[in-house]
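Protein chains: 2
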Amino acid sequence: MEYTFSDRISGVQPSAIREIFKVLEDPTVISLAAGNPSPETFPAADMARIASDLFRDRPGPALQYGITEGYGPLREQTAARLRARSGVGGPDDDLIITSGGQQGLDLAARVLLNEGDVVVCEDPSFIGALNALRAYNAKLVGVPMDAQGMDVEALERTLRDTPRAKFIYTIPTFQNPCGATMPADRRARMLALAHRYNVLIVEDDPYFELRYSGAPVPAVKSLDTDGRVVYLGSYSKVISPGMRVGFVCAPREIVAKMTVAKQVSDVHTNLFFQMVVSEYLQRCDLDAHIADCRRLYVQRRDRMFAHVRGWGDRVRSACPDGGLFLWCELPDGYDGMALCRLGGRRKVAAVPGQTFAVDDQKPSPGFRLNFSMPTPEQIDHGMALFGEALDELLGC
Amino acid sequence: MEYTFSDRISGVQPSAIREIFKVLEDPTVISLAAGNPSPETFPAADMARIASDLFRDRPGPALQYGITEGYGPLREQTAARLRARSGVGGPDDDLIITSGGQQGLDLAARVLLNEGDVVVCEDPSFIGALNALRAYNAKLVGVPMDAQGMDVEALERTLRDTPRAKFIYTIPTFQNPCGATMPADRRARMLALAHRYNVLIVEDDPYFELRYSGAPVPAVKSLDTDGRVVYLGSYSKVISPGMRVGFVCAPREIVAKMTVAKQVSDVHTNLFFQMVVSEYLQRCDLDAHIADCRRLYVQRRDRMFAHVRGWGDRVRSACPDGGLFLWCELPDGYDGMALCRLGGRRKVAAVPGQTFAVDDQKPSPGFRLNFSMPTPEQIDHGMALFGEALDELLGC
Chain Z
821 MEYTFSDRIS
831 GVQPSAIREI
841 FKVLEDPTVI
851 SLAAGNPSPE
861 TFPAADMARI
871 ASDLFRDRPG
881 PALQYGITEG
891 YGPLREQTAA
901 RLRARSGVGG
911 PDDDLIITSG
921 GQQGLDLAAR
931 VLLNEGDVVV
941 CEDPSFIGAL
951 NALRAYNAKL
961 VGVPMDAQGM
971 DVEALERTLR
981 DTPRAKFIYT
991 IPTFQNPCGA
1001 TMPADRRARM
1011 LALAHRYNVL
1021 IVEDDPYFEL
1031 RYSGAPVPAV
1041 KSLDTDGRVV
1051 YLGSYSKVIS
1061 PGMRVGFVCA
1071 PREIVAKMTV
1081 AKQVSDVHTN
1091 LFFQMVVSEY
1101 LQRCDLDAHI
1111 ADCRRLYVQR
1121 RDRMFAHVRG
1131 WGDRVRSACP
1141 DGGLFLWCEL
1151 PDGYDGMALC
1161 RLGGRRKVAA
1171 VPGQTFAVDD
1181 QKPSPGFRLN
1191 FSMPTPEQID
1201 HGMALFGEAL
1211 DELLGC
Chain F
821 MEYTFSDRIS
831 GVQPSAIREI
841 FKVLEDPTVI
851 SLAAGNPSPE
861 TFPAADMARI
871 ASDLFRDRPG
881 PALQYGITEG
891 YGPLREQTAA
901 RLRARSGVGG
911 PDDDLIITSG
921 GQQGLDLAAR
931 VLLNEGDVVV
941 CEDPSFIGAL
951 NALRAYNAKL
961 VGVPMDAQGM
971 DVEALERTLR
981 DTPRAKFIYT
991 IPTFQNPCGA
1001 TMPADRRARM
1011 LALAHRYNVL
1021 IVEDDPYFEL
1031 RYSGAPVPAV
1041 KSLDTDGRVV
1051 YLGSYSKVIS
1061 PGMRVGFVCA
1071 PREIVAKMTV
1081 AKQVSDVHTN
1091 LFFQMVVSEY
1101 LQRCDLDAHI
1111 ADCRRLYVQR
1121 RDRMFAHVRG
1131 WGDRVRSACP
1141 DGGLFLWCEL
1151 PDGYDGMALC
1161 RLGGRRKVAA
1171 VPGQTFAVDD
1181 QKPSPGFRLN
1191 FSMPTPEQID
1201 HGMALFGEAL
1211 DELLGC
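Top line first, the protein sequences correspond to chains Z and F.
Read in order, the letters of the first sequence are residues 821 to 1216 in our numbering.
Read in order, the letters of the second sequence are residues 821 to 1216 in our numbering.
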């Protein structure tokens, strides 16, 4: 038979990134295209011990249905950790455990957006988020980025001209793909604009614990005094992404609606791993573990950025203070996609900037490099290959 | 600030069931209100051994991001098992792993339904499914049930009179809440009607392996020759619900869209437990384990049904051939909710039929009893208390 699909899913097109991921099917290709944390950072031995204890001592509760809001002790530990480390979460907030940070955004979109509502977002931004919003038929309006994150002057013009804006979607810290971090004054300005134009802010903050340099900047949510910010977080980048354990801290009323939406979506997040994370937080030292992750990643960032510096002024780039990504831009008129294609032929992969654009038909001079997954040797080899591709594209 | 929520989530109201679940907060209450498998059936020792091996041998892949479609070996094993045991899945079908059966339905609704589309379903039906459909603003049209499941004559009239029907949602085997199983000829008739009126069928089949009596009936999907059936299954009732591992077998084109929808929804299902299930299927004997589950449950079903028989003709009920539930109906004019309230006062809980009704404002003479969770002693005690409640409601 012929199938007719919903408008919402028809609005999500297979992206240009697929062409690049085809390159990755060849195992001899060096991938600088990932968004993954390094498996070396997974605290597998501690998790194994905890899992073994859970199977022995509490198999019934750990394998049974759980409540939608999430495992009680993990909710409390996560809320306490957020308050202590980022000042996120007040008396009018609540916290729900989600199946990764991705589900946090999906639930936010689901409970907040009606057909035709507008989401104002950084351009470029995380493709998984843009597609999640497109899947609710949201209209996306992009605001340009600079080295300090979303341009708040442009944001103001956008909000003024967009009557149906519902929320601002932002990754203010170590943004994906650009790596930029919004300074505190811009965050305050963004919040003031959200107040003036009566929109919410969805703050996606999966990377903030992976800071390698520079001073911490307060979370937008920590500056919020009138319940305007939905804060998305995750244990994916600091414990394990495969377990799919994330969280949302938001005004109680919003979390209540998200709970209804999650109930019909997947009932609850894998309970066993919620308990593993809870026990890990209690029995192990997550902060010490994160310090180890940072030591590993800062070396890889520096090593990769040294190569970028070696490319001279043919590529604009800024060294990010944290996260997993290095963003580079070719001179005006050149297409990041073309460079990635030339890289692909040399068996090295990166993600072309166009993938992250709000209008993904528009060429972008940018490309995104990941430094968390490749080994130092792979970084050296992969970046040398990209250097050759650059020579071919731009001339030496 | 004041929040405005999406129409879709505003359409899902907290259900009457909450009042009953309040009763359950008292730990001295005997619950016959659950939908859970018994924790005694969880193969925790085998799972513990497998988990320990995974942490030792493959921690990197098991804790890393996975692909949205699901863990390759588990997809193949599940597809092979479905073909062998139920004749489900042909050359034009594909299979995706979902975060429980609930997500299977959520994704089906998400890729198929537009605003105002109609879903034709059994009335009463599983509340979690009805709410998942309501959350896409689907209009639900109920078809009455009899002892043989959905009334297909009424189904034909409904399809004739409902131009925007998109799919039929059915639990044809050991239906929740009614326990009824559709005979093969009705299934064939339903499929023929779906063909004539050009609608799809979403077949929800979480219980089919829990058959205690009677001859197996072919899955609707196994009778399908033109790609009209989306089949939802789950490992929740035969291994563990807390791990949230389910699956959908459907025409390739539909699974492709569901994969896009799942990608933006939660990226993928907890990978570690996908691998645990895969290893379990390879190293252990799931069929032997299910035979053990059946031996436990058939005793509880029979024990509970003996009590119902003792209530005489004051309650209409039929002994279900499988599943987890016994459905009872009071004489005309009596309300199952009233009985459940009287039960609550005596510290025993069941779920009033109204909870499962398409129009959940309409009183129902029915109530649902679960026999998988209570021990034999709890069954005896709980049913005696319900007997007293019945005496009070109907007179002796």
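Treat each hint with caution, since some may be false.
Identical copies go unnamed one by one, so any copy, or any two together, can satisfy a pair.
[Claimed, not checked] Listed below are the simulated SDA-like cross-link pairs for lysine to any residue, each with C-alpha atoms no more than 20 Å apart in a straight line:
no.: 1; residue 1: Lys-842; residue 2: Tyr-885
no.: 2; residue 1: Lys-842; residue 2: Ile-887
no.: 3; residue 1: Lys-1167; residue 2: Ala-864
no.: 4; residue 1: Lys-959; residue 2: Glu-1212
no.: 5; residue 1: Lys-959; residue 2: Arg-828
no.: 6; residue 1: Lys-1182; residue 2: Arg-1103
no.: 7; residue 1: Lys-1167; residue 2: Arg-905
no.: 8; residue 1: Lys-1167; residue 2: Val-849
no.: 9; residue 1: Lys-1182; residue 2: Asn-951
no.: 10; residue 1: Lys-842; residue 2: Arg-876
no.: 11; residue 1: Lys-959; residue 2: Asp-827
no.: 12; residue 1: Lys-1182; residue 2: Arg-1072
Rather than coming from a laboratory, the hints here were simulated on the basis of the structure.
Hint-by-hint comparison with the structure:
no.	hint	in the structure
1	Lys-842 to Tyr-885	between (38 Å within a copy, 18 Å between copies)
2	Lys-842 to Ile-887	between (40 Å within a copy, 14 Å between copies)
3	Lys-1167 to Ala-864	neither (31 Å within a copy, 45 Å between copies)
4	Lys-959 to Glu-1212	neither (38 Å within a copy, 58 Å between copies)
5	Lys-959 to Arg-828	both (11 Å within a copy, 17 Å between copies)
6	Lys-1182 to Arg-1103	neither (49 Å within a copy, 51 Å between copies)
7	Lys-1167 to Arg-905	neither (41 Å within a copy, 44 Å between copies)
8	Lys-1167 to Val-849	within (4 Å within a copy, 64 Å between copies)
9	Lys-1182 to Asn-951	within (16 Å within a copy, 40 Å between copies)
10	Lys-842 to Arg-876	neither (43 Å within a copy, 31 Å between copies)
11	Lys-959 to Asp-827	both (13 Å within a copy, 17 Å between copies)
12	Lys-1182 to Arg-1072	neither (40 Å within a copy, 31 Å between copies)
Going down the numbered hints, you'll see the structure goes against 3, 4, 6, 7, 10, 12, while the others check out.
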